[in-house]
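In order, the protein sequences belong to chains A and B.
Throughout the first sequence, residue numbering follows the working numbering, covering 33 to 552 in sequence.
Throughout the second sequence, residue numbering follows the working numbering, covering 17 to 398 in sequence.
Keep in mind that the hints are not guaranteed to be accurate.
Partial chain A-side listing against chain B, Cβ under 10 Å, derived [said to hold, decoys possible]:
| id | residue |
| --- | --- |
| 1 | 93 |
| 2 | 135 |
| 3 | 142 |
| 4 | 154 |
| 5 | 198 |
Keep in mind that the hints were calculated from the coordinates and are not lab data.
Virtual Cβ for every residue (Gly too), placed ideally from N, Cα, C.
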Amino acid sequence: MDMAVIELSRLQFALTAMYHFLFVPLTLGLSFMLVIMESVYVITKRPIWRVITRFWGRLFGINFVLGVATGLTMEFEFGTNWAYYAHYVGDIFGAPLAIEGLMAFFLEATMVGVMFFGWDRLSRVQHLLVTLLVALGTNLSALWILIANGWMQNPVGAAFNPETMRMEVTNFKEVLFNPVAQAKFVHTVSAGYVCAATFVMGVSAIYLLRGKWTNVARRSMMVASAFGLASALSVVVLGDESGYALTDNQKMKLASIEAMWETEPAPAAITLVGLPDVAGRTTHYAIKLPYVMGIIGTRSLSGKIDGIEELVLRADERIHSGIIAYDAVEKLKLDRGNIAARAAFEAHKRDIGFALLLKRYMPDPRKADDRQILKAAWDTVPNVPVMFFLFRGMAALGFGFIAFFAMAFYCASACRFSKRWFLKIAVFMIPLPWLAIEGGWVLAEIGRQPWAVDGVLPTFLGASSLSVPQIWATIIGFTALYGTLAVIEIRLMIAAIRKGPIEHHEPMGAVQGFAPLPAE
Amino acid sequence: MHIPLDYETLRVIWWALLGVLLIGFALTDGYDLGVGALLPFVGRSDEERRLVINAIAPHWEGHQVWFILGGGAIFAAWPFVYAVSFSGFYLAMFLVLAALILRPVSFKYRSKHADAGWRNRWDWALFVGGFVPALVFGVAVGNVLIGAPFRLDSDLRMTYEGSLLGLFTPFTLLTGLLSVAMLALHGAAWLAVKIEEGPVLVRARGMARIAAVLTIALFLIGGLMVARGGMGMAIRGMVDANGPSNPLLSASVVAPGAWLGNYRAHPWMVLAPVLGLVGPLVALAGIAARRGWLNLAGTAMATTGIIATVGCSMFPFILPSSIDPRSSLTVWNASSSHMTLFIMLIVTVIFLPVVLAYTAWVMKMLGGRVTLRDVRSNPDFY
Numbered sequence: 033m034d035m036a037v038i039e040l041s042r043l044q045f046a047l048t049a050m051y052h053f054l055f056v057p058l059t060l061g062l063s064f065m066l067v068i069m070e071s072v073y074v075i076t077k078r079p080i081w082r083v084i085t086r087f088w089g090r091l092f093g094i095n096f097v098l099g100v101a102t103g104l105t106m107e108f109e110f111g112t113n114w115a116y117y118a119h120y121v122g123d124i125f126g127a128p129l130a131i132e133g134l135m136a137f138f139l140e141a142t143m144v145g146v147m148f149f150g151w152d153r154l155s156r157v158q159h160l161l162v163t164l165l166v167a168l169g170t171n172l173s174a175l176w177i178l179i180a181n182g183w184m185q186n187p188v189g190a191a192f193n194p195e196t197m198r199m200e201v202t203n204f205k206e207v208l209f210n211p212v213a214q215a216k217f218v219h220t221v222s223a224g225y226v227c228a229a230t231f232v233m234g235v236s237a238i239y240l241l242r243g244k245w246t247n248v249a250r251r252s253m254m255v256a257s258a259f260g261l262a263s264a265l266s267v268v269v270l271g272d273e274s275g276y277a278l279t280d281n282q283k284m285k286l287a288s289i290e291a292m293w294e295t296e297p298a299p300a301a302i303t304l305v306g307l308p309d310v311a312g313r314t315t316h317y318a319i320k321l322p323y324v325m326g327i328i329g330t331r332s333l334s335g336k337i338d339g340i341e342e343l344v345l346r347a348d349e350r351i352h353s354g355i356i357a358y359d360a361v362e363k364l365k366l367d368r369g370n371i372a373a374r375a376a377f378e379a380h381k382r383d384i385g386f387a388l389l390l391k392r393y394m395p396d397p398r399k400a401d402d403r404q405i406l407k408a409a410w411d412t413v414p415n416v417p418v419m420f421f422l423f424r425g426m427a428a429l430g431f432g433f434i435a436f437f438a439m440a441f442y443c444a445s446a447c448r449f450s451k452r453w454f455l456k457i458a459v460f461m462i463p464l465p466w467l468a469i470e471g472g473w474v475l476a477e478i479g480r481q482p483w484a485v486d487g488v489l490p491t492f493l494g495a496s497s498l499s500v501p502q503i504w505a506t507i508i509g510f511t512a513l514y515g516t517l518a519v520i521e522i523r524l525m526i527a528a529i530r531k532g533p534i535e536h537h538e539p540m541g542a543v544q545g546f547a548p549l550p551a552e
Numbered sequence: 017m018h019i020p021l022d023y024e025t026l027r028v029i030w031w032a033l034l035g036v037l038l039i040g041f042a043l044t045d046g047y048d049l050g051v052g053a054l055l056p057f058v059g060r061s062d063e064e065r066r067l068v069i070n071a072i073a074p075h076w077e078g079h080q081v082w083f084i085l086g087g088g089a090i091f092a093a094w095p096f097v098y099a100v101s102f103s104g105f106y107l108a109m110f111l112v113l114a115a116l117i118l119r120p121v122s123f124k125y126r127s128k129h130a131d132a133g134w135r136n137r138w139d140w141a142l143f144v145g146g147f148v149p150a151l152v153f154g155v156a157v158g159n160v161l162i163g164a165p166f167r168l169d170s171d172l173r174m175t176y177e178g179s180l181l182g183l184f185t186p187f188t189l190l191t192g193l194l195s196v197a198m199l200a201l202h203g204a205a206w207l208a209v210k211i212e213e214g215p216v217l218v219r220a221r222g223m224a225r226i227a228a229v230l231t232i233a234l235f236l237i238g239g240l241m242v243a244r245g246g247m248g249m250a251i252r253g254m255v256d257a258n259g260p261s262n263p264l265l266s267a268s269v270v271a272p273g274a275w276l277g278n279y280r281a282h283p284w285m286v287l288a289p290v291l292g293l294v295g296p297l298v299a300l301a302g303i304a305a306r307r308g309w310l311n312l313a314g315t316a317m318a319t320t321g322i323i324a325t326v327g328c329s330m331f332p333f334i335l336p337s338s339i340d341p342r343s344s345l346t347v348w349n350a351s352s353s354h355m356t357l358f359i360m361l362i363v364t365v366i367f368l369p370v371v372l373a374y375t376a377w378v379m380k381m382l383g384g385r386v387t388l389r390d391v392r393s394n395p396d397f398y
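Whenever a hint applies, use it, and build me the whole structure from the sequences.
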């Protein structure tokens with residue numbers, strides 16, 4: 033197999049997925065903030081809340097459209113670039129994607145049209161209901177895609193079928209209620225809410241700094257600070273929750289985040305900072321906090337957290353066992369009725385994915401010697417320094433958001449957002465949630481390497497049989513298209529923000545309520 | 017878990033649902049594509065073009081989900097088809113995606129500046145976003161009929177031996193143009209019920225007449241080429257309709273003329289091509305009588321009939337291989353597992369009616385013809 037094809041396919045997937053996820057978090061959070069704002073309008077009937085809702089709704093629309101457009105690519109990219117993956121796990125992985133379409137995409141996409149075009153045709157309550165359904169649809173779609181992604185991280189409820197040469201569902205309920213998926217869902221949508229709250233805070237702060245649209249800006253900030261504080265707390269607390277889930281299912285990921293080379297006596301210490309050394313298999317200059325990791329990871333003082341070296345030895349054993357399963361499958365290909373091979377397969381089938389790791393070095397894993405097997409076992413360690421630093425960056429940002437929104441919450445009651453230094457911080461904060469979110473995705477996906485599906489299918493086997501020029505053509509094509517659209521999108525966003533909430537057809541009463549004030 | 021339906025039945029149901037999805041896509045998003053392709057020709061001034069755009073503006077987003085759902089459902093129910101077709105038709109798929117990505121942004125961004133050059137560029141982007149997918153879908157269907165150059169190894173890994181240009185042959189170009197004509201006809205029919213009487217509608221009717229005649233002609237020629245071109249495949253020997261989904265366990269062979277065999281074995285299937293031919297005639301009658309809804313009903317019949325014809329001709333084949341008949345994907349060897357098919361059926365039975373119900377509600381809430389007066393006065397319009 034051609035490793036260039038695999039690296040390029042990974043590059044393209046990373047580019048398109050990360051680009052797609054620039055728009056998704058804002059959609060997830062802003063849709064619910066629109067629901068809150070519009071609810072206030074429906075309850076109080078004060079026109080300014082309609083203006084507020086419509087203003088943020090316009091920004092929502094500009095953002096939503098690119099989220100949908102780039103989501104198209106994602107739905108098909110498993111087929112175009114990861115065909116063997118699609119065949120190998122489609123029986124399980126395809127279902128949440130299809131359900132996502134039926135349950136979530138239809139809802140959000142159908143309702144969003146009414147949300148924008150139905151202001152004059154629907155009653156207030158009807159329109160609020162439509163906005164709520166849009167928010168529900170976007171968040172449901174996150175649920176289903178994270179059930180799919182959660183299964184890649186923790187593939188429960190499925191087994192390899194040698195007759196069809198793929199994984200098949202054995203227990204759909206387990207796929208659905210996968211603890212990793214649940215934790216990821218809450219963590220990811222909370223991150224989206226933080227992103228939207230920070231965006232609303234920042235844009236409103238620009239208005240307040242310039243003394244424009246202050247009535248709209250202050251009210252928006254009120255909503256954003258409450259919504260943001262709750263979400264920032266949830267994103268960190270439930271981030272810990274996904275750490276907890278890791279220990280059962282993804283020990284290697286946890287060990288590499290912590291650069292924990294050897295198993296420590298319980299309860300393990302957490303490394304705050306340090307310099308992981310891959311060649312020496314040690315972490316220099318580590319500053320550790322005793323007990324904390326053991327408590328986060330196992331929720332006990334006696335639970336042990338495995339180190340990288342121990343996990344590699346376990347992978348080594350599983351590769352040996354997987355080779356037996358692989359051999360059995362090859363025999364079953366020739367003779368479906370081979371009873372001995374069937375029995376060997378059944379005994380070792382949960383390790384067959386580990387034998388596939390050897391395909392990187394040889395076409396037939398059965399020919400591997402112990403040295404090669406150990407090498408393949410070491411392949412199961414993801415890029416430790418990247419994991420180590422990304423996680424610390426993301427966690428620091430997470431605590432930063434809590435501090436920021438706590439401050440905002442305090443400012444809302446103490447000074448009605450009149451302090452300029454706070455407003456400047458709010459503007460500065462705008463890009464940070466995106467950094468944390470993209471970093472979080474890189475962490476999650478790099479952390480799963482070398483696997484496409486943990487313990488089941490190595491990434492390098494998942495790619496389509498494409499040629500390097502073909503993939504370059506699409507990478508260049510997507511980059512040019514996406515780049516152009518990003519420029520246009522940002523220009524339109526800025527233009528819409530500059531223009532502000534005023535609408536020509538707005539009844540005068542509403543406009544007079546928030547006439548621009550001179551700078552303070 | 018006990019599964020009350022046997023594997024064979026579920027496979028046939030999912031084969032039919034695949035058709036329902038494709039037809040659902042063509043009936044809804046199809047007219048948006050058609051309208052996009054017609055846009056520069058039926059609308060001359062900015063106002064006229066805005067009239068056309070706002071006839072589909074509130075709905076295209078929901079309609080496009082049929083396409084996304086198509087991808088998801090093929091993935092879930094026919095993972096082999098998903099893997100082989102999208103990676104095989106790799107660059108063609110990229111063209112479709114790029115064109116479809118242009119479409120949402122064109123709708124949204126076109127209206128943000130009044131500048132004529134800006135708007136004109138987005139109008140052509142909308143044209144590309146309508147024309148290119150319509151053409152490529154048709155070309156892809158043509159290639160499915162003649163078979164795609166792929167083979168599966170014993171791990172069921174697929175290798176593809178074609179190229180982008182190889183997809184375009186006289187026959188597949190014909191099916192591509194048929195798809196464009198059919199969707200343009202459908203788009204024009206939608207305009208006939210959705211915009212006010214005026215010069216745009218007159219031009220749309222003119223376009224519809226041409227498209228209807230082309231649809232009939234191309235469909236007939238396409239049928240002749242299938243009959244004379246010796247296309248077709250058959251499964252040799254016993255068919256295990258309940259067997260595991262592994263193409264290498266079945267034996268498909270080239271069987272020239274087999275694509276017409278189903279009409280002899282199951283005469284009721286003739287209904288599909290008949291609908292495909294009668295539909296455009298009904299549409300023509302609707303145009304002549306100035307009955308917009310009759311026109312639309314005719315194009316809906318045409319679209320349904322033409323797509324169903326492909327399915328009926330090929331059953332049980334879904335994606336034949338032109339270089340290694342053994343690798344061909346059929347209803348009996350390319351589906352997902354028994355349990356997945358059943359779970360997905362339950363999900364579909366519950367949610368598809370819900371989707372149809374709220375889509376109908378939205379259509380009703382935003383019903384009525386779009387007029388130039390709306391275009392001038394409604395601030396929510398694109």
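* Ascending list of hint numbers which this structure does not respect -> none
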